[in-house]
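As given, the protein sequences belong to chains Z and Y, one line each in that order.
Numbering follows our numbering, with no gaps: position 130 of the first sequence is 851.
Numbering follows our numbering, with no gaps: position 133 of the second sequence is 192.
To be clear, the hints were calculated from the coordinates, so they are not data collected in a lab.
For every residue, glycine included, the Cβ atom is placed at its ideal position computed from N, Cα and C.
Certain hints may be false.
Here are the computed lysine to any residue pairs in the SDA-like style, where the Cα-Cα straight-line distance is at most 25 Å [stated by the list, open to error]: (1) Y:90 - Z:735; (2) Y:90 - Z:730; (3) Z:758 - Z:781; (4) Y:103 - Y:76; (5) Y:103 - Z:738; (6) Y:103 - Y:129; (7) Y:90 - Z:838; (8) Z:758 - Y:150; (9) Y:90 - Z:729; (10) Z:758 - Z:831; (11) Y:90 - Y:76; (12) Y:103 - Z:728; (13) Y:103 - Z:733; (14) Y:90 - Z:737; (15) Y:90 - Z:742; (16) Y:90 - Z:728; (17) Y:103 - Z:758; (18) Y:90 - Z:746; (19) Z:758 - Y:85; (20) Z:758 - Y:82; (21) Y:103 - Y:117; (22) Z:758 - Y:76.
With the C-beta cut set under 8 Å, the calculated list includes, among others, these residues of chain Y facing chain Z [to be verified]: (23) 77; (24) 104; (25) 107; (26) 154; (27) 157; (28) 158; (29) 161; (30) 165; (31) 172; (32) 173; (33) 191; (34) 192; (35) 202.
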Amino acid sequence: MSHWIDLLAGALGQGLLLCLEITLIVWPLMIGYELAKAYGIFERPWPGVGPLLARLGLSPGALVPLLAGLFLGLLYGAAILLAMSREQGLSARERLALGVFLVTCHAVVEDTAIFALLGGSSFWMLAPRVVLAVALTAWLARRPQASARAGSAGPR
Amino acid sequence: MNDTTPLAPPWRGALSASYARGRAFVWFLLKNILPLYLATEVLKASGALGYISGFLAPVMNWWGLPPEAAAVLTAGMLVNLYAAAAVAAPLGLTSAQVSVLGLILGIAHSLVVEGVVVRELSSRWRALTFLRLGLGLGAGWALARVLGGAAS
Chain Z
722 MSHWIDLLAG ALGQGLLLCL EITLIVWPLM IGYELAKAYG IFERPWPGVG
772 PLLARLGLSP GALVPLLAGL FLGLLYGAAI LLAMSREQGL SARERLALGV
822 FLVTCHAVVE DTAIFALLGG SSFWMLAPRV VLAVALTAWL ARRPQASARA
872 GSAGPR
Chain Y
60 MNDTTPLAPP WRGALSASYA RGRAFVWFLL KNILPLYLAT EVLKASGALG
110 YISGFLAPVM NWWGLPPEAA AVLTAGMLVN LYAAAAVAAP LGLTSAQVSV
160 LGLILGIAHS LVVEGVVVRE LSSRWRALTF LRLGLGLGAG WALARVLGGA
210 AS
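All chains should be modelled from the sequences, with the hints used to inform the complete structure.
Here it is as structure tokens:
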């Protein structure tokens with residue numbers, strides 16, 4: 722019986738420690754994001770990214786939704802992601818490209834940090850996601866017939 | 060934005076907003092991680108986890124993972140990465156095994172909740188969700204080979 726109490730107490734302590742460690746990583750990220758937003762970083766046009774985005778089949782208007790998903794994640798970035806992709810009038814094809822990129826690679830800091838805390842290699846958990854996301858999106862942008870299929874209206 | 064104090068510096072609003080978000084996040088973590096962490100520890104110590112996941116051993120071996128890691132994948136794909144971490148932490152996995160799990164789940168996690176966001180973004184959300192599953196499991200399989208964690 723006491724063996725089980727020891728076990729639960731130990732697990733409780735370990736679980737609290739894990740919560741604390743995650744908090745110490747994610748909270749600064751939230752502060753950084755709120756500060757960046759307050760100073761209008763996301764509203765400023767960024768020079769030089771247009772050609773890079775074009776290779777992924779995206780227009781400059783897709784930059785902010787892309788950054789929101791990449792750093793905040795689909796869930797926390799959803800508000801910006803969805804609002805901006807509507808405001809910027811992204812085509813169905815662009816939204817698919819954005820979707821392909823972001824489902825493969827999003828919340829890069831947070832997701833990587835959680836498993837790095839448990840002893841995983843940050844490089845091997847992050848690099849393949851970025852490479853796959855860029856490669857898949859660039860490949861999709863070069864496929865001519867993809868536009869016709871992506872253009873079909875969805876349940877919106 | 061309805062700013063009632065136009066003279067307040069922007070950082071002040073940013074700090075109070077991130078304080079509120081951070082506090083909500085801590086509650087979210089405590090409610091999500093602690094119960095799963097305790098449950099995993101109990102299931103592991105009682106031998107139930109080993110028994111349930113025993114039949115998955117040959118499958119999990121493709122990724123160089125112990126059978127118990129199936130519970131980590133399930134928690135990550137259906138709930139979120141924090142749940143997966145809570146389940147994975149007590150299992151005593153090697154660095155290579157955590158990396159493989161981290162890569163699979165980094166690509167394919169929270170499929171239900173994030174599926175809702177993806178659905179708003181693109182009409183082809185089902186294809187995108189299957190893409191995540193396939194890419195995640197495929198990339199994890201390749202990484203297991205690279206890191207030499209696989210038994211075969």
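Hints, verified against the model:
1. This hinted pair checks out: residue 90 of chain Y and residue 735 of chain Z have alpha carbons roughly 15 Å apart, not beyond 25 Å.
2. Proximity of residue 90 of chain Y to residue 730 of chain Z is assessed by CA-CA distance (about 17 Å); at most 25 Å being required, the pair is judged to hold.
3. A distance of roughly 19 Å separates the Cα atoms of residue 758 of chain Z and residue 781 of chain Z; the hinted pair therefore holds under the 25 Å criterion.
4. Distance hint between residue 103 of chain Y and residue 76 of chain Y is unfulfilled; the C-alpha atoms sit about 40 Å from each other, more than 25 Å.
5. With a C-alpha separation of about 19 Å, the suggested pair residue 103 of chain Y and residue 738 of chain Z falls inside the 25 Å cut-off, and the hint holds.
6. For the given pair, residue 103 of chain Y sits about 13 Å from residue 129 of chain Y by alpha-carbon distance, which is consistent with the 25 Å threshold.
7. Our distance criterion of 25 Å between C-alpha atoms is met by residue 90 of chain Y and residue 838 of chain Z, whose separation comes to about 19 Å.
8. Between residue 758 of chain Z and residue 150 of chain Y the alpha-carbon distance is near 39 Å, which puts this suggested pair outside the 25 Å criterion.
9. At roughly 16 Å between alpha-carbon atoms, residue 90 of chain Y and residue 729 of chain Z fall within 25 Å of each other, so this suggested pair holds.
10. Proposed proximity of residue 758 of chain Z and residue 831 of chain Z is supported: the alpha carbons are some 18 Å apart, at most 25 Å.
11. Under the criterion of a C-alpha separation no larger than 25 Å, the hint pairing residue 90 of chain Y with residue 76 of chain Y is consistent with the structure, at around 22 Å.
12. Taken as a hint, the residue 103 of chain Y and residue 728 of chain Z pair is honoured in the structure, with Cα atoms around 11 Å apart against an allowance of 25 Å.
13. Annotation: proposed proximity of residue 103 of chain Y to residue 733 of chain Z holds, straight-line Cα distance about 15 Å (limit 25 Å).
14. With a CA separation close to 11 Å, the supplied pair residue 90 of chain Y and residue 737 of chain Z stays within the 25 Å bound.
15. At most 25 Å may separate the alpha-carbon atoms for a hinted pair to count; residue 90 of chain Y and residue 742 of chain Z meet this at roughly 15 Å.
16. Distance check on the hinted pair: residue 90 of chain Y and residue 728 of chain Z sit about 20 Å apart at the alpha-carbon level, within 25 Å; holds.
17. Straight-line distance between C-alpha atoms of residue 103 of chain Y and residue 758 of chain Z comes to about 44 Å, which puts the hinted pair past the 25 Å bound.
18. Taken as a hint, the residue 90 of chain Y and residue 746 of chain Z pair is honoured in the structure, with Cα atoms around 18 Å apart against an allowance of 25 Å.
19. With a C-alpha separation of about 22 Å, the suggested pairing of residue 758 of chain Z with residue 85 of chain Y holds against the 25 Å cut-off.
20. Our distance criterion of 25 Å between C-alpha atoms is met by residue 758 of chain Z and residue 82 of chain Y, whose separation comes to about 19 Å.
21. Only pairs whose Cα atoms come within 25 Å are accepted, and residue 103 of chain Y paired with residue 117 of chain Y is accepted, the gap being roughly 19 Å.
22. Annotation: proposed proximity of residue 758 of chain Z to residue 76 of chain Y holds, straight-line Cα distance about 11 Å (limit 25 Å).
23. Residue-level restraint check for residue 77 of chain Y holds (minimum Cβ-Cβ distance to chain Z is 4 Å; threshold 8 Å).
24. Interface hint at residue 104 of chain Y: satisfied, since its Cβ lies 6 Å from the closest Cβ of chain Z, which is below the 8 Å cut-off.
25. About 14 Å separates the beta-carbon of residue 107 of chain Y from the nearest beta-carbon of chain Z, more than 8 Å, and the hint is not met.
26. Checking residue 154 of chain Y against chain Z: minimum C-beta separation of about 5 Å stays under 8 Å; hint holds.
27. Interface hint status for residue 157 of chain Y: upheld, as the beta-carbon distance to the closest one in chain Z is roughly 4 Å, under 8 Å.
28. At its closest, the beta carbon of residue 158 of chain Y sits 4 Å from a beta carbon of chain Z; the interface hint therefore holds under the 8 Å criterion.
29. Hint status for residue 161 of chain Y: holds, given a least beta-carbon distance of 3 Å to chain Z, under 8 Å.
30. The interface hint given for residue 165 of chain Y holds, since its Cβ lies 5 Å from the closest Cβ of chain Z, which is under the 8 Å cut-off.
31. For residue 172 of chain Y, the shortest C-beta to C-beta distance to chain Z is roughly 6 Å, which falls under 8 Å, so the interface hint holds.
32. Residue-level restraint check for residue 173 of chain Y holds (minimum Cβ-Cβ distance to chain Z is 5 Å; threshold 8 Å).
33. Hint on residue 191 of chain Y holds. Least Cβ distance to chain Z is approximately 5 Å, under the 8 Å limit.
34. At its closest, the beta carbon of residue 192 of chain Y sits 10 Å from a beta carbon of chain Z; the interface hint therefore is violated under the 8 Å criterion.
35. Taking 8 Å as the C-beta cut-off, the interface hint given for residue 202 of chain Y holds, the closest approach to chain Z being about 6 Å.
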